[in-house]
Amino acid sequence: MKYDTIIIGGGISGLVAGITLCSAGQKVGIVSSGQSALHFNSGSMELLGHDGRGNDVDNPCEAIKLLPPSHPYSKIGAATMAAMLADVKDFFARAGIKLCGDEHHNHYRITPMGAFRPAWLSLDGYAMFDRPAHLADGTILIVNIKGFIDFYPEFIRHALETSNYCEIREISHPKIERLRKSASEMRPTNISAVINGDVVKDIASDINSLIEQTGADAVIMPAVVGSLNGHPDAELRQRVKKPLYYAPTMPISVGGMHMQITLRQYFRSIGGDYFLGDTVSSAVIDDDGHVCSIFTDNLGDTPLEADDFILASGSFISHGLLATYEKICEPIFGLDIEAPENRADWCSPDIYSQHPYMSAGVATDNMFHPSIQGRPVRNLFAAGSVASGCDPLHEQSGAGVAILTAMFIAREILKTYHRHDI
Amino acid sequence: MTYKSDNISPNNFEECIKCTICTAYCPVSAVNPSYPGPKQAGPDGERYRLKKPSFYDEALKYCLNCKRCEVACPSGVRVGDIIQSARIRYGKTRPSLRDRLLADTDFVGTLSSAFAPIVNPTLRTRPVKALMHSVLGVDSHRQFPAYSSSRFTSWYRRHKQEQEKYTRHVAYFHGCYVEYNNPALGIDFVKIMNALGFGVRLLDKERCCGVAKIANGLIDKARRDAEINIESIRRADCPVLTTSSTCTLTMREEYPHLLGIDNSDVRESIQLAVRFIFSLIDRGEAKLVFRNDINETIAYHTPCHMSRLGWAIYPISLLKMIPGLTLRVLPQNCCGIAGTYGFKKENYEVSQQIGQKLFDSIAEFNPGSVATDCETCKWQIEMSTPYKVENPISILARMIDFEKTRLANS
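As they're listed, the protein sequences go chains D and H. Following this note's numbering, the residues of the first sequence are numbered contiguously, the last one being 423. Following this note's numbering, the residues of the second sequence are numbered contiguously, the last one being 417.
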């Protein structure tokens with residue numbers, strides 16, 4: 002099977018690259034071993050949240066300029082970064098995802114544990130704070146779903162108590178009560194599946210009576226509303242009399258899952274092939290160091306051939322990187338890795354401090370080409386968290402690096418691509 | 008030693024990171040809260056069951072074995088296999104008469120085709136349906152697939168001789184559906200392979216692939232049939248092609264994982280005809296020429312087991328080659344029937360609820376017809392929507408210019 006570009010990894014990075022390439026007329030295949038880490042997304046994305054010296058970043062566009070040359074953002078360059086950043090919200094809007102935020106000015110998101118983190122973009126309707134703990138003035142009503150164990154209103158109250166008086170209440174509905182039969186499986190996605198149609202109206206009127214009882218000025222509820230067809234999340238916000246904000250739950254994230262499915266459906270609708278649940282088993286590299294084709298578990302002896310390949314296989318959690326007893330490695334191509342030599346140096350003794358393994362990854366040149374035993378692979382690119390050069394957790398930069406390296410690489414590939422005449 | 012060989016069991020339940028992505032994509036969890044969900048039923052429950060078999064939960068019977076959990080799992084855990092193995096190992100409910108009848112496709116098929124003119128109309132009458140509903144527990148909404156009075160193998164015997172004229176051969180595992188219900192699909196397959204220059208042989212002995220027996224707890228019978236099939240496949244010594252995604256998945260994956268039958272020497276030779284044909288074309292070794300008067304819109308539905316095989320690309324690519332055919336690939340949703348599952352009256356409602364998303368998506372596109380590689384998906388869609396469903400092989404056969412294809416491949 003012949004493609005212009007094959008992408009290994011179907012999470013946010015692989016899909017951004019795939020959509021960019023497909024939109025420009027390329028024939029693109031994405032191989033994804035299972036569903037992606039986007040399912041653990043909080044509903045917000047970060048570009049650069051911490052400056053590495055213990056300070057929160059206000060203007061990521063400016064702070065990027067101070068990063069070391071080995072950082073993926075520095076490899077892309079400030080001017081190209083600025084040009085691409087200006088297009089990100091439109092890019093997602095074209096695929097059907099509405100994001101709010103500003104690359105020149107971070108906002109804050111709240112975590113399910115009640116911590117505040119700088120963020121770049123948030124899904125429409127999610128709680129966006131202009132400064133930690135400040136969402137709105139007055140009394141805040143925190144509404145949980147009865148029996149739902151993946152959202153902790155007390156943490157949220159604790160996080161907000163310096164600015165607001167908070168009331169905690171629970172709501173339910175016969176259709177949601179039914180889910181409590183399997184308490185351990187009463188997950189955000191299962192709840193979201195029943196919150197539509199009349200259930201939205203019923204819940205809205207319940208919340209409205211609670212607003213009256215408590216005199217609340219704003220409402221926070223767990224992000225368990227949303228659908229791939231229609232917008233019950235927007236409808237509920239419209240029906241509730243005071244501003245309603247969604248706060249992230251423990252995974253699975255409804256917003257993250259819908260983002261994944263929406264991007265994948267969009268990629269398919271513009272002609273992309275998405276191989277879900279398949280794993281790359283081997284790669285064929287010729288004497289000149291070019292990747293010719295890859296083979297997968299499912300497709301067996303059917304090769305996937307392409308002019309260019311993008312490795313967007315993610316970090317340890319997605320198995321893009323593996324840590325064995327001896328070493329950190331990249332399992333498909335055996336690419337050169339940047340990581341501390343000794344296992345003892347992978348981690349710091351203090352669990353809450355920065356860990357060197359978090360910045361480990363595939364070593365790349367300034368065009369994101371990885372290498373095998375020192376020799377660059379010219380038609381292979383590493384996008385997102387599989388590549389080295391940043392600590393996404395410590396810097397709060399995971400989504401930004403995933404999206405921007407993918408866009409950059411796709412644009413590079415398109416520079417030498419001439420649309421085939423069909 | 009590697010990390011895996013030191014720490015991971017053959018059914019790799021330890022590799023579960025408890026992310027619950029499988030549950031988010033489980034079609035049963037979405038509609039039936041009595042089902043504990045694939046994570047709990049699979050890798051989580053496995054830890055308990057290993058400690059004490061009495062932790063086994065009979066609610067595991069609600070699992071459709073659609074394998075969508077395995078397709079979704081980012082850690083490669085064989086969640087569905089863990090659940091099915093637990094049912095085999097710990098399940099206490101013995102199969103009822105109804106389950107045995109539904110599962111024994113060969114026995115029922117043989118009888119029914121012999122008396123097809125009587126059986127078909129009888130199964131459609133209200134009193135018989137009511138009786139089957141109340142006495143057997145076969146849901147009265149269900150339409151039994153019509154049995155064919157002439158079996159595929161009878162047709163084949165009449166055409167066996169001409170198959171030997173070819174220099175290259177493939178073997179055909181026709182399955183119960185082609186044999187008893189839809190011989191026309193088997194005939195379409197033979198016609199296409201002949202046009203591509205291949206003679207078609209049958210296996211020495213073919214039994215039901217066993218999927219229905221496995222699902223209904225008739226494991227010893229399933230294993231005996233599977234052994235006969237694998238032995239015949241070994242003797243065939245050529246590619247063994249199929250036209251049913253479920254038979255294919257069962258023989259490739261369930262034989263080793265659930266029945267403990269080693270098929271490693273022949274596993275790669277068992278494949279869907281659409282994959283074999285696509286690969287020939289992809290390697291430049293064959294050509295299909297289509298008629299030039301086609302004007303149809305078709306929606307392709309990916310059966311769950313096709314999704315698990317990861318092979319939907321093959322029928323989709325073949326159908327896309329047809330000029331004048333507008334193809335829409337439907338979003339992947341389970342149709343809800345899962346073989347014999349949906350025939351049982353206790354599952355009927357859940358089965359239809361699961362399928363609703365699929366039915367809606369077909370209606371939204373409003374195609375001329377639907378294509379799918381699974382016979383039970385076909386029954387379910389045809390019962391629940393007004394659309395006709397065909398196997399991609401039959402669609403190809405309708406649209407191929409056989410004369411020109413034969414010439415192009417001779």
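Worth flagging that the hints you see were computed from the coordinates, not collected in a lab. Please note: incorrect hints may appear among the correct ones.
[As the list claims (entries may be wrong)] SDA-like cross-link-like pairs, simulated, lysine to any residue; straight-line CA separation at most 25 angstroms:
no., chain 1, residue 1, chain 2, residue 2
1, H, 327, D, 99
2, D, 99, H, 339
3, D, 176, H, 327
[What the hints assert, rightly or not] Reference listing, derived: stretches of chain H covered by chain D, where coverage requires no fewer than 3 residues with Cβ under 8 angstroms from a Cβ of chain D:
no., segment
4, 31-45
5, 127-140
6, 315-323
Where is the CB? At the ideal position from N, CA and C, for every residue including glycine.
Here is how each hint holds up against the structure:
1. In summary, the hint linking residue 327 (chain H) to residue 99 (chain D) is not supported, as the alpha carbons are separated by about 33 angstroms, beyond the 25 angstroms threshold.
2. For a cut-off of 25 angstroms, the pair hint linking residue 99 (chain D) to residue 339 (chain H) stands: about 24 angstroms separates their Cα positions.
3. The straight-line distance between the Cα atoms of residue 176 (chain D) and residue 327 (chain H) is roughly 42 angstroms, outside the 25 angstroms bound, and the hint therefore fails.
4. Residue count for the segment 31-45 of chain H with a Cβ under 8 angstroms from a Cβ of chain D: 9. That meets the three needed, and the coverage hint holds.
5. Given a C-beta distance limit of less than 8 angstroms, the hint that chain D covers the segment 127-140 of chain H is violated, as 0 residues qualify and 3 are needed.
6. Counting residues of the segment 315-323 of chain H whose beta carbon lies closer than 8 angstroms to any beta carbon of chain D gives 5, which reaches the threshold of three, so the coverage claim holds.
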